[in-house]
Amino acid sequence: MLITDDFLPVPVPETLSATYLVPTSTVPGTTPAQAVAALAGRLSGPVHDLARQMLDSPLMTVDTRPVSEFPHLPPDLLTAFGATEEQLGRLAAATDLVVVQATYRPGWPPAHEWAARTVAAAMAEVVGGDLVDVFGLQFLDPATALRSLPDDEGRMRLVDWVLVPYSSDEEGLWFTTKGLRRFGLLELQAQGVPAHLTRAWGAVMTGTARRLLRTWVDGLTDEEVPAFVQLPVLTAVTGHDIAVAYGNPERHDATGPALLRLELDPATDPEADSFLSLRPPSGHDGPAGRYFAAVCATVFAAAQSDVRYARPGDAMARAVATARSGLPKIRERFLDGGLPAEAQLVVKYGLPTEEGPEFVWAGVTDWSTTDRIHGVSASDAAADPTIRIGEPVVIDTCDVVDWALLDGTGVVEGGWTQAVLDGGNHP
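Going by UniProt numbering, the first residue of the sequence shown is number 1, and it counts up by one from there.
Each hint should be verified, as a subset may be incorrect.
Unchecked claim - Think about it this way: if two alpha-carbon atoms lie no more than 25 Å apart in a straight line, the pair counts; the simulated DMTMM-like pairs of lysine to aspartate or glutamate are: (1) 178 - 76; (2) 178 - 265; (3) 178 - 14; (4) 178 - 336; (5) 178 - 151; (6) 178 - 218.
Just so you know, these hints were derived from the structure itself, not from any lab.
Keep in mind that this is a model prediction, so the values were computed, not measured.
Work out the full structure: start from the sequences and follow the hints.
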């Protein structure tokens with residue numbers, strides 16, 4: 001294998017395994033094969049066939065064991081990853097666990113995961129309960145688990161398999177992925193992410209995971225499992241990567257690309273995980289957080305710099321009037337926590353220039369007073385050198401001409417003036 005400064009050799013594990021649990025207080029009266037057969041027509045043919053083949057092979061085991069024989073599952077971590085009180089209650093009351101385990105070689109398809117999740121979902125339906133993804137420490141109801149499996153063309157949403165938790169440290173937010181190890185790849189991490197980028201950076205991490213996973217799988221196509229796969233040190237991520245990872249490829253143009261540098265951070269503790277760290281490219285001046293803000297602005301079209309001047313006309317006037325009439329309501333939703341999950345509020349406001357106002361976007365961080373908005377610039381302004389990506393800004397509400405809600409795939413609400421500038425159709 002040729003080693004260069006342009007690529008990072010990442011070790012490949014010999015085998016991968018998946019474990020799912022189904023808590024129950026009654027011994028199932030249906031065999032796993034019968035339960036999987038009952039799923040015919042409810043999931044793709046290839047996955048259905050894969051599950052049945054794995055069940056008939058030594059690569060999968062399905063056992064019912066007393067709860068006392070299995071390591072304790074921490075309820076605090078299960079809660080952190082979305083477990084409800086009802087699910088935790090059923091787990092606490094369970095006397096037995098249906099344990100589904102599968103192993104497979106690294107590569108595509110990830111047969112161990114797809115087959116084990118299928119069988120566990122089938123058994124959960126039999127006992128009228130949920131399944132626990134041990135890798136992700138996450139409860140799944142059977143319907144959700146089955147929806148996460150790929151369709152007839154092998155397409156799946158990466159967000160159903162890879163989570164992006166974060167926590168605070170002295171430098172800002174620390175993001176990691178949890179799920180790439182299912183496929184043999186090291187998890188990603190990023191440190192020093194500004195707090196106002198919580199939702200946007202989570203989407204960038206997911207899109208980057210999707211891009212790297214494709215490269216990883218391409219390196220595992222040989223019949224023999226290699227010792228290493230080379231990943232590019234400079235990795236590009238686009239809005240399309242994010243949209244595909246969220247299962248909405250039609251909702252985002254191929255914006256970007258934005259570059260991120262990969263760096264291997266090996267664990268010093270043999271019990272801890274190693275990471276692939278996302279950092280700014282070499283030679284970047286300034287804190288990493290500012291570069292991360294620039295990446296978010298690049299991959300989200302609605303947050304890009306808009307150095308186009310609003311042309312007069314009825315369409316633009318109506319767009320501004322519509323946006324401004326909605327400001328009181330969107331402020332109320334922002335303050336009350338009534339925005340959609342994973343949505344970020346951005347506003348568009350005008351900066352005076354000799355040619356007319358230059359319009360830029362900013363992410364809203366505080367709107368406690370009606371006439372003043374505190375935020376963080378989502379773009380560099382041409383007219384004002386003090387307004388730079390990632391820098392704090394204070395905006396008079398009277399200067400706002402538009403607002404939008406963004407999620408990991410683009411604009412989900414608002415953006416009326418942008419639609420006019422872009423030529424017509426509302427986003």
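Structure-based check of each hint:
no.	hint	result
1	178 - 76	17 Å, holds
2	178 - 265	16 Å, holds
3	178 - 14	20 Å, holds
4	178 - 336	30 Å, violated
5	178 - 151	23 Å, holds
6	178 - 218	21 Å, holds
In this structure, the one hint that does not hold is number 4.
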